[in-house]
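Participant: One-letter residues, chain by chain:
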Amino acid sequence: MRHLMSPLDFTVEELDNLMDLAQDIEKNPKKYAHACDGKKLATLFFEPSTRTRLSHEAAMLNLGGSVLGFSSADSSSATKGETVADTIRMISCYADICAMRHPKEGAALVASEHSRIPVINAGDGGHQHPTQTLTDLLTIRSLKGHLDNITIGLCGDLKFGRTVHSLIHALVRYKNVKFILISPEELRVPSYIRNDVLDKEHAQYEEVVRLEDALPKLDILYMTRVQKERFFNEEDYIRMKDFYVLDAQKMELAPKDMYVLHPLPRVNEIAVEVDDDPRAAYFAQAQYGVYIRMALILTLLEIEV
Amino acid sequence: MRHLMSPLDFTVEELDNLMDLAQDIEKNPKKYAHACDGKKLATLFFEPSTRTRLSHEAAMLNLGGSVLGFSSADSSSATKGETVADTIRMISCYADICAMRHPKEGAALVASEHSRIPVINAGDGGHQHPTQTLTDLLTIRSLKGHLDNITIGLCGDLKFGRTVHSLIHALVRYKNVKFILISPEELRVPSYIRNDVLDKEHAQYEEVVRLEDALPKLDILYMTRVQKERFFNEEDYIRMKDFYVLDAQKMELAPKDMYVLHPLPRVNEIAVEVDDDPRAAYFAQAQYGVYIRMALILTLLEIEV
Amino acid sequence: MRHLMSPLDFTVEELDNLMDLAQDIEKNPKKYAHACDGKKLATLFFEPSTRTRLSHEAAMLNLGGSVLGFSSADSSSATKGETVADTIRMISCYADICAMRHPKEGAALVASEHSRIPVINAGDGGHQHPTQTLTDLLTIRSLKGHLDNITIGLCGDLKFGRTVHSLIHALVRYKNVKFILISPEELRVPSYIRNDVLDKEHAQYEEVVRLEDALPKLDILYMTRVQKERFFNEEDYIRMKDFYVLDAQKMELAPKDMYVLHPLPRVNEIAVEVDDDPRAAYFAQAQYGVYIRMALILTLLEIEV
Chain A
1 MRHLMSPLDF TVEELDNLMD LAQDIEKNPK KYAHACDGKK LATLFFEPST RTRLSHEAAM
61 LNLGGSVLGF SSADSSSATK GETVADTIRM ISCYADICAM RHPKEGAALV ASEHSRIPVI
121 NAGDGGHQHP TQTLTDLLTI RSLKGHLDNI TIGLCGDLKF GRTVHSLIHA LVRYKNVKFI
181 LISPEELRVP SYIRNDVLDK EHAQYEEVVR LEDALPKLDI LYMTRVQKER FFNEEDYIRM
241 KDFYVLDAQK MELAPKDMYV LHPLPRVNEI AVEVDDDPRA AYFAQAQYGV YIRMALILTL
301 LEIEV
Chain B
1 MRHLMSPLDF TVEELDNLMD LAQDIEKNPK KYAHACDGKK LATLFFEPST RTRLSHEAAM
61 LNLGGSVLGF SSADSSSATK GETVADTIRM ISCYADICAM RHPKEGAALV ASEHSRIPVI
121 NAGDGGHQHP TQTLTDLLTI RSLKGHLDNI TIGLCGDLKF GRTVHSLIHA LVRYKNVKFI
181 LISPEELRVP SYIRNDVLDK EHAQYEEVVR LEDALPKLDI LYMTRVQKER FFNEEDYIRM
241 KDFYVLDAQK MELAPKDMYV LHPLPRVNEI AVEVDDDPRA AYFAQAQYGV YIRMALILTL
301 LEIEV
Chain C
1 MRHLMSPLDF TVEELDNLMD LAQDIEKNPK KYAHACDGKK LATLFFEPST RTRLSHEAAM
61 LNLGGSVLGF SSADSSSATK GETVADTIRM ISCYADICAM RHPKEGAALV ASEHSRIPVI
121 NAGDGGHQHP TQTLTDLLTI RSLKGHLDNI TIGLCGDLKF GRTVHSLIHA LVRYKNVKFI
181 LISPEELRVP SYIRNDVLDK EHAQYEEVVR LEDALPKLDI LYMTRVQKER FFNEEDYIRM
241 KDFYVLDAQK MELAPKDMYV LHPLPRVNEI AVEVDDDPRA AYFAQAQYGV YIRMALILTL
301 LEIEV
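Protein chains in written order, with my numbering: chain A, 1 to 305; chain B, 1 to 305; chain C, 1 to 305.
Since the hints were derived computationally from the structure, they do not count as laboratory data. A couple of the hints might just be wrong.
[Claimed, not checked] Derived DSSO-like pairs (lysine-lysine); straight-line CA-CA distance at most 30 Å:
(1) B:K228 <-> B:K175
(2) B:K144 <-> B:K39
(3) C:K30 <-> A:K31
(4) A:K27 <-> B:K39
(5) C:K200 <-> A:K31
(6) B:K30 <-> A:K31
All figures in this text were calculated on a predicted structure; none of them were measured in a lab.
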C-alpha cells in the first residue's frame, strides 16, 4: 500500500503517469464519474484549510465516492488526548483513503505508519504540502506543454514559503529548469534549499530583489503571499508587504506567454486588475488541483478505469 | 447563467412555474431522485444557520447530488483575508451550484458577479433571505390553493424582521392581498416598506397593536420571533417580548381555515400547546422549504426532468 | 416506529437478530451496498464526538445512503434557544433517520417523542450510549462465539464509566456471565449498579483492586479510560491514573484466548506495546462498531435486504 507524504515520493516517470491520468480526467470526466463508487474519503483536518479540504472532497465526489471527516481539531477526538496513531487506526475502519492536515511536522508520516488505508499528507505544519506541488506541476505542464526547459520566477516570502521550497525540490528533477528567486533580502531562500537542493542538483538560478528585473525572462511567475505572522514586528511587515505586488503595469514587462500562478489565497500581492489578463492562471490552477487529486486518489487506491 | 439574490428576481409567472415544479416534486419524489446525479452543491456558510444549510443540503441529496462546504467562518479561508470574490472563483472549480450565507449585506451579490456557477443567496445580513420567502409563498399557495385574495397577518418584530419585509415585497405582486401588521408601536414596519412598497403598490393594509383584534379576519397568520439582540435595553425586551405570544386561547378567535406560519426557530412566541392544532403549519413549512429548494436547484441548473 | 434509547430496548432475541445481521453484513458487504439508496442520516451532535459521529456516517455511507448534520452546538440552532423538540421536528423534514448526541441526560428521549423519524441515542450526558454497548456485545460474540458462559473483567473508572454500566446492564441478561470488577476503592461500581443490577439479577461478581489478580481468570478484559475531569483534584488524578495501565508484562498473566476491549479513545491505560498482541481487539472493535450500526440503521428503517 502506498501513501503520499512528499511530492518526491513519486519518480519523475510516476509523476508523468499521474499527470497523464489527470489530463485524461480533464478531457473525459464522465469516464471517471463512477470509478470510486462505494469508496469513502476521510478528511482529517486538525487545522482548518477550506481550499485544501474542499478540493480533496470535490475530487472524491467527482469520482462517485463519498466523504466523511472533520474540519478542525475542535470537533475531533484530539482534544481527548488521542494520538494520531490511534486516530488513523480508527479511521482505517471507517474509510478507504484519507487526507490529513495537521499543524505538527511529521504527523502524516506517523499516521501512514499505523494506517490500513492510503494516507495523503494534506499539509503538516511548515513541512510538506505535496498535493499543492502536484497541482503546480500539472498546471505548468498543462499550460506550457512540458516541465523541462522553463524559466520560473518564484516571488515573495521565499524564506518560510513551504510551497516554494517543495516546488523547487520537485522542479530540479527536470532538465534545464532555470529559477529566478525574487524576494527581499530578509526573506531569501534559506541556505538548506540553496546549497542542498539547487547547488547539489547543479540547477541554474539567480536571486533578484526587484520583480521588474525578473519579469521579462519568465515562462512562469509563481507568486506567494507574505504572511503577516511570519514577521517579528508590525513595522517590518508594513515596510515589505507591498514590495512584491503584481499589477497591470508590471505585467506589461512580462512575455505574452508567461503564466502567473499562485497557491491561493491571495491577499493583495496580485492586484485584482490582473485577474482579467489571459496570463492569470491562478484560478485555473485551482481547477487543476481537483484533477490531480482525482488522479492521486485513483492511483493510491489502485483503481484502473 | 442565473442566480437567486432576491425573491423578486423571478417574475410572478416564473414563480408560478417554480412552485408548480415544487408541487410536482412533492407528489412524485422518485421521479426526481436522480435528477442531479453527479452534481455538487457547495454550502458556504460564513455564519452558522443550521436550518437553512440543512434544508439546502437535504434538497440536493434528494435530487441524487452531493454536498460539500463549511458551516462557519472559523473553518473557512475567510480568516486568512480572502475576499468573497476569490472564494467563489475557487468554489466554482469545486461545485456546480452554491448556497451562500454571509453576515454582510451584498456579499452574495458580489459573489454572483465573479462566479462561474449559480449562486443562491441563503441570507446576507439583515438584507435578503430569498429562499425563506419562496418557502413562505409555496406554503401559503399549497395550504390555501392560491396567493391572490388572501388576508395575511404579520406579527412580531416588523421593524427589523427581514423575512417579513421580503414577504411583503413578494405578496404585493399578487391581486387583492390584504396585510394586517401586528406589532408594538416601537417595532412597526419601517416607512420604506410602508411608503415604498405597500403604498406604492396600492396594497390594502392596516396596523394593529393587539393580536386578538387581527385574528378573526385572517387567512394566514405569520408569526415571527422577537430577537433579543434587536433591543437597546433589557427592560424594553422584557416588557414587550410576551405581548405577541400565540396560545390556545388566542387560537379560539381565529377562523377554522386560518394557518399559522413561522420561519423558525421559535422561542416562546408560539406556545407549545398550539403545535397540536391542525392549523399549526410551521413544521409543514419546513418541509415545503425542501421542495422549493429542490425546484430552485433544478431551475438554476437548467435541469429538466 | 422504533427508536434506540437504551441497549435494553431490544430483547435478547432481538439483539441476536441484530447481531446476526451485523455478521452477515461483515461477510457480504456488497449485498448491502445499496440497501439505503436515497435515504439520509442526520447526525445531530450537540457536543463533539468524532468517533461516534464518523462510525454512524460510515455505516450509512456503506449502505449507499447519504449524510447531513452538524458536529457541535456552535454550528447549530441551539444557540438561538430552540428546543430539542423543535429541532427534531425540523430534522424530520430533512432526513429519514437520525443519530443524536447531547450533553443533557434524556435529550434523545425527548427528541424521540416528537420525531417523525427513528432516533438513535448516540450518547446523552453520562446516561446512555447504547450503540457503544451494541458494539461491545457484537465484538465479544464475534471473538468468543457466544455471550453466555464468559468471565469478563471491567477495569478502570467503574464509578463514572457510562460504557461499563451499560455493558453490565446488557450482559446480566445472558447465562452464566461472571464479572470481575477491577478498580481503586475510590472508583468502585456505584451501589445502584451493584444492588439493582448485579445482585437483583443474581449475577456472579467479585471486586478486586489489582489488575494482576484478575487477569488469569478472564475471557474478556474491558479497559476504560480514567477521565481527568472526573477527579476532584489533580493530586488524586496523578496518584491513581497509572494504577490500571495494561502493558506487555501484565499481558503475560492473561490466558492465550483472552481479548482486550476498550471503547476508545485511550490515553495511556493500554501501553502501545500491547497493540501488536493478537489478543488486542480494541481496533477490531471499532470495525464491529460500523457493522452493528449498519444493522441498526437497516432495522430501525425496517429495510430488508
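Participant: Compare the structure with each hint and give your call.
Facilitator: The hints, checked one at a time:
| no. | hint | result |
| --- | --- | --- |
| 1 | B:K228 <-> B:K175 | violated (35 Å) |
| 2 | B:K144 <-> B:K39 | violated (34 Å) |
| 3 | C:K30 <-> A:K31 | holds (23 Å) |
| 4 | A:K27 <-> B:K39 | holds (18 Å) |
| 5 | C:K200 <-> A:K31 | violated (64 Å) |
| 6 | B:K30 <-> A:K31 | holds (26 Å) |
Checked against the numbered hints above, the structure breaks hints 1, 2, 5 and satisfies the rest.
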